Structures are given as C-alpha cells and as structure tokens.
Amino acid sequence: MKGYYCVNASASREQTSTNYKRVVLGIGMSAVGLLGSLAQAETTIPSSSSAVVLQALAPGESDFILPNGSAIQSASGNGIEADGSQNWILNVQGNITAAVDGIRLTSALDGGAYITNSGRIQGVSGVGVEMLNGGTLVNQAAGVIMGNTGVSFSSGTYTLYNAGRIEGIDAGISVSTASASHFTNQYGGTIVGDVGVRMLSDGHTLTNLGAIEGTSGTAIDIHGDNNILILDEGTSLVGSVQSSGVGNALLLKGAGILNSNISGFSSLTMSGQTWALLGDIAMVQGSSPSLSIEDGKLILAGNLNANGGTTEIASGAELQIGNGGTRGDLQQSHVHLDGILSVFRSDGALDLSNTLTGNGILLFKGTGVSGQSYYSFSNNNNQFTGNIVLGNNVRLRIASSNPTPLSHIVVENNSTLWFGSAAKFSSPLFIKGQGWDDPGFGRLGALRLDSNAEVSGPVTLLDDARVTAVFSDYKGSISGAIGDGGHGYSLEKTGDGTITLTGINTYSGGTLINAGTLAIGRSESLGSDSGDVTLNHANATLSLLNAFSLNHNVVMGSQGGTITTASDNTLTGTLSGSGTFTKEGTGSLSLAATGSSVQNVNVSAGELALSQSGMFTALGNYTTASGAVTHLSDSASLRVNGVFTQQADSTLNLALGSADPLISVGSASLSGALNVTGLGRMCQTAPAR
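Numbered by the numbering used here, the letters in the sequence shown go through residues 813 to 1501 in order.
Calculated from the structure, these hints are not laboratory results.
Please read these numbers as outputs of a predicted model, since none were measured by experiment.
Where is the CB? At the ideal position from N, CA and C, for every residue including glycine.
Do not rely on the hints blindly, as some may be mistaken.
With a straight-line cut-off of 25 Å between C-alpha atoms, the simulated SDA-like cross-links for lysine to any residue are [unchecked claim]:
hint, residue 1, residue 2
1, Lys1065, Asp1092
2, Lys1287, Ala1378
3, Lys1109, His1035
4, Lys1109, Gly1160
5, Lys1236, Thr1197
6, Lys1287, Gly1399
7, Lys1109, Gln1195
8, Lys1236, Gly1203
9, Lys1109, Ser1188
10, Lys1287, Pro1217
11, Lys1065, Gly1029
12, Lys1236, Val1181
13, Lys1236, Val1282
14, Lys1287, Thr1197
Computed beta-carbon distance windows for the label pairs [stated by the list, open to error]:
hint, residue 1, residue 2, range
15, Ala992, Ser1165, 36 to 46 Å
16, Ala1067, Gly1137, 19 to 29 Å
17, Gly1000, Asn880, 42 to 52 Å
18, Ala1359, Ala1211, 56 to 66 Å
Model the full assembly from the supplied sequences, consistent with the hints where possible.
Given below as structure tokens:
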C-alpha cells in the first residue's frame, strides 16, 4: 500500500494516507491532476554511480522514489533526468550528487512534474533541481538542494514549497519563466546564494516565512514587472531587497523585523500585526500610493523616499517614523492619515514638512531623556481635520504660518508646543504641565510663544499649565478663550518675554506670573474672579493695557512682583503676600479692597491710590520714587512698620476726612511735595529721619 502527499501551504506540513496518490498545491491552487493509476505503485530507483534516466529505468512508469539510504553519484552529466514523454512524480529521500544538474525533468504537460525532497540533492556545476516545463517542488524540512544555482524555474508554470535548505553559489533560486508562478519559502525554510532569489520575469508571487540570504549583499533581486513579494511572520533576510521592474509590489503580513534596505517597488502595503523596517526605503518614482498601511503597525526606522508618491494610513492602522534613535523620515511624501502617524526619534533633525490630509491622529513620541525628541512641523494650511498629540517629553516647533488650521492639538505632560512665527494659529489647543525639559533653560511651558505668534483658537487646560516667552524680546499673544471645564486648573507664565491675553477666559485655578510680563486688556482675561493672581519673581509683571477694574485678589510671593498701568485702573480684590509690591507705568492704580497687606511697597512710576475703606499695611518699608505719586483717599489709612520714604520730586496726596491718623509709620524720610485736603493729622510713632 502506497501513500500520497498533501501539501498545505498555510499549515506547512505533510499529510499521508493510503490507496491513492494525489497532489494538492495549496489554498487557491488547482491540483496537477492524477498522475497514472490511482492505485499505481512507486518505482524504486536503485543506487547508481551514473545518471539515472527515468523513462529508460522503467518505461511507462511515472511515479518514482529514491529511498532513504540510496545514493546516486554521477561523475559526469546529471543525477536524475527525464524527457517530456509524460508527466513525472519523484520522491527523493536519499542523496544525489551530480557533475552537472542534480535533477533535470521535462514533463509532457505544463506543470506536470512533481518533486518531493527530504534527502540531499547537489548539482556541482549546474543546477540542483531544474524542471523544464513547469511543475511543483516540495523541499521538506530535512531536504537540501544545492548547485551553482540551487533551483531554476525557466519554462512553464511552477509552484515551490520550501521548508528545507536551497543553496546556490550564484543564486539560491532563479526565476525566468514567462508563466505566472507561485513560490513559498515556508517557516524554517532557508534560501542562500550570492543572490538569494533572482526573479527575471513577470507576474510571479514570492511568499516568504523563512530565511533568505544573499552572500554578496542582495537577498532578493526582482528584474521583471508586476511581481508580488509577500513577507510574512518568520521572515529573516540578509541583504537588500531590490526591484528594477515596473509595477512590483511588496506586501507585509504577520509580524517581523527587517534590517534590509528596500528599493524600486511601486507599492509597499502593510496588512499584518507589527513590522519594523530598519533599513532605508526608496520607492519607484510616481507610484501612488507608494506606502499603504491597511492594518496593524509599521515602524520605519530608516528613511522613506516615496519619490513623489503618497502614504496612506487607514483607520485603525499605525505608521511609526523612527524607533527612538536618530533615523526615520517620510521625506516629502504626501500623507493621507485616517489612522495613526507617530513620530519617535531622539534627536531634533526631523522637520515634518509633508502635506497632510485625513482625520486621524498625528502623534509625536518622546524618549523621556532630557533634551531629546524635539521636532519641527513646517508645512502650511494642511487640510488635516484630526488630532495632533504631543506625547510625554517632546517639543514640537511650528515655524510655518498655520500648518493644520482644522485640527486639534493636544499637549501631554512634560511636552512643549512652540509657535515660533508671526502668524495666527487657529487650531484648538488642549494643554497641561510645565513643558519639555530644555537643558540649560528648564521646562519652558506646555505652550511657548515668540515672534509675535498669536493663538487665536480656544485653549483648554487639561491640568495646571505653563506658558512661556523665553527671552525679554520674545512676544506672543492668546486671543482665544482659555478654559478648564470647571476643574480649577491654573495658568502659569514664565520666561522673560511678554505674553498678552485678550480673550474672555474662564479657567478658575488662578494665574501665576513666575517671570516676565503677562499683559491683559480686561479683568476677564485672567479667568474666573475667584482665581488669585500671584507674582513671584524679581521681573514678574502684570501689565494692565487699558482702563478697567481688576476683580481678582493679587498675591505677592516671596520674590515679589510688579503691576504696571498705562491708564487708570482699580484693583477691587485684595493685595497681599510676603514679597515686595512694585507699581510701574504712567497710569494710576487704585486699591479699593479692605484688608490689604504686603511686605514692602515701591511706587516707582505713576500713581498708587489707596482708596480702600480702612487700613493698608506695609509690614516692611514703603517708598514713593521720584516722579511717582502716592494718594490716600479720605476713607483710607496707611500703616508702615518700617521706613516710609518720599523721595525728591515725589508727591504725597492726602485727603483728610477722619479724626484717625491717615499714616502710621515706624520712621519717615520725607522729601518732595505734600498735598493735603480736608482736616486731619499725620502721626509718627518713631522719630522721623
């Protein structure tokens, strides 16, 4: 009783049964056909020291076996050969070593030869296996085929399943047939040659789940047109993958990592789980789409040159540029993004200047190392309607006028969005945190502005957030409304430059000015009235641009701060804190709330009007500088625990309307002008100086 062999391409295994012999080529392929009688017995090939000619060995027989332990050693010519008088089935379990070709078969019908090998076949100066009119070759896991060329597919329609080893000095596999054929290097299979696989003709499909090695540096070399290369899970390539034909396609399935450079394909399609391509990719010019991510995640750690083609990322799929190193770039490819495009590099060399459309997610990733992962985005007016997300520990500098006016931009913790051009940026922003860690400068804010950049879109605080204008001549503004969804988040201003808020803002956690100038044209720009305004730096300044009432409590931190006015303003909230309060600007600031108290007061310019009902207290000193004015209304009084100083050319205006002392001081140094209206007196609790 003889068995049959059923080859299943997807399962990569053999099945045996009895009574019948048939060949199944795999899913989607038709059978070669029944060769000879269904109950036909195999003819055994004996060991031989010369070539075995099948039609001469057993005339009329078509089914042969070289058993395990048998050997053919041919010092000249081929090992096993057969003419085209009929179709052939050959099962090799033993060893064949021949001077020229190991096996050379010609079948009567196209694809009518079928070879199964679990032994060892070698053609010393020729080809390991050659079928001259097509056929099926199954090289099992134990099978070895060797030659100057391992296997040659030159004429007819072929199918290859390799789970063993095919090795050639020149090429592991050479394909030149004009008939469309299918070649599968299965999981565990190995193909080795100076060039692993050389494909010279058109319309073939090569599927690889195993190893292909090109000892001269080229694993796969495709010269024909309209061929398909499928790389599936288990793929290992040593050497580059090259296409010089037209319409050749590369398809990725399953998962894998590939170090090879890839060039010359018209399209690269990802339809698997996760693939990482670590080499450079150069697509053929003018193909579109050049790169298509249909499913799963593709990591491009090298550079992609799309040569004018497009990149398409489907919903649910992800393309990642870079893998935490210094390489990875799309190089001008137009990107249509409905899935996720993520960028993950450690350096700052990447400028994403691609044209961007779609409604997916553009995600910038950071390594988490201080000073790493800073990117630029410089294209203008993309019709992208999705989200741009700055993940943790990244900086994104946008130097163009308005790259994505229709998208939302989300800034996660420890990241910075930097608008660095004189333009209006209308994208809605969602920000939190203190920003990216810039070596030498620290964390420069979730939002960084300079060059008179204006944020005209709405800004939502996702947590306490910092905004920065780094240097004293840097300026920016936020005209969009700033809110926090009622969560009580604060807005912090740092950097020596100036940021101007002009919108009606609703954030409710207060405002901190820890360096530089925050300018406002209305009280509502500082958010809810319930939020305090805290100044805590030697140059921390709140600049009041217009005449209005400031309805917030103002707190001077230990390092103090300055309020500057250009018009007449009233502070309806309290002024308090442990630091020094400085009044600057030509305008007047009137303090209207009862119970204000600070450490020191410096009226450096303009007028400070104490208009409250009751006492204002300076726990330390109070100084009115030359050219400045201090004014006390008839309902107000002032207590200075330290020195009360009126410098030369300063002015003190007193409106006397109470029997209580207007000013109570520890000591006084008085110069300048004193203007008194009404009745009252000035009391001194310590000697004047």
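Hint check:
1. Lys1065 x Asp1092: 19 Å, holds
2. Lys1287 x Ala1378: 18 Å, holds
3. Lys1109 x His1035: Status violated; Cα separation ~29 Å.
4. Lys1109 x Gly1160: 24 Å, holds
5. Lys1236 x Thr1197: 17 Å, holds
6. Lys1287 x Gly1399: Cα-Cα ~22 Å, so holds.
7. Lys1109 x Gln1195: Since the Cα atoms of Lys1109 and Gln1195 sit roughly 24 Å apart, the hinted pair holds (cutoff 25 Å).
8. Lys1236 x Gly1203: At roughly 24 Å apart (the allowed maximum being 25 Å), Gly1203 and Lys1236 satisfy the hint.
9. Lys1109 x Ser1188: 23 Å, holds
10. Lys1287 x Pro1217: 21 Å, holds
11. Lys1065 x Gly1029: Holds, because 24 Å separates the two Cα atoms, which is no more than 25 Å.
12. Lys1236 x Val1181: Measuring from Cα to Cα gives roughly 32 Å; hence the hint is violated.
13. Lys1236 x Val1282: 19 Å, holds
14. Lys1287 x Thr1197: Distance ~28 Å between Lys1287 and Thr1197 Cα, so the pair is violated.
15. Ala992 x Ser1165: 36 to 46 Å: For Ala992 and Ser1165 the Cβ distance comes to about 41 Å; the hint holds.
16. Ala1067 x Gly1137: 19 to 29 Å: With a Cβ separation near 20 Å, Ala1067 and Gly1137 satisfy 19 to 29 Å, so the hint holds.
17. Gly1000 x Asn880: 42 to 52 Å: Violated - the Cβ-Cβ distance for Gly1000 and Asn880, about 20 Å, lies outside 42 to 52 Å.
18. Ala1359 x Ala1211: 56 to 66 Å: Distance hint for Ala1359, Ala1211 is violated at roughly 37 Å.
Of the numbered hints listed earlier, those contradicted by the structure are 3, 12, 14, 17 and 18.
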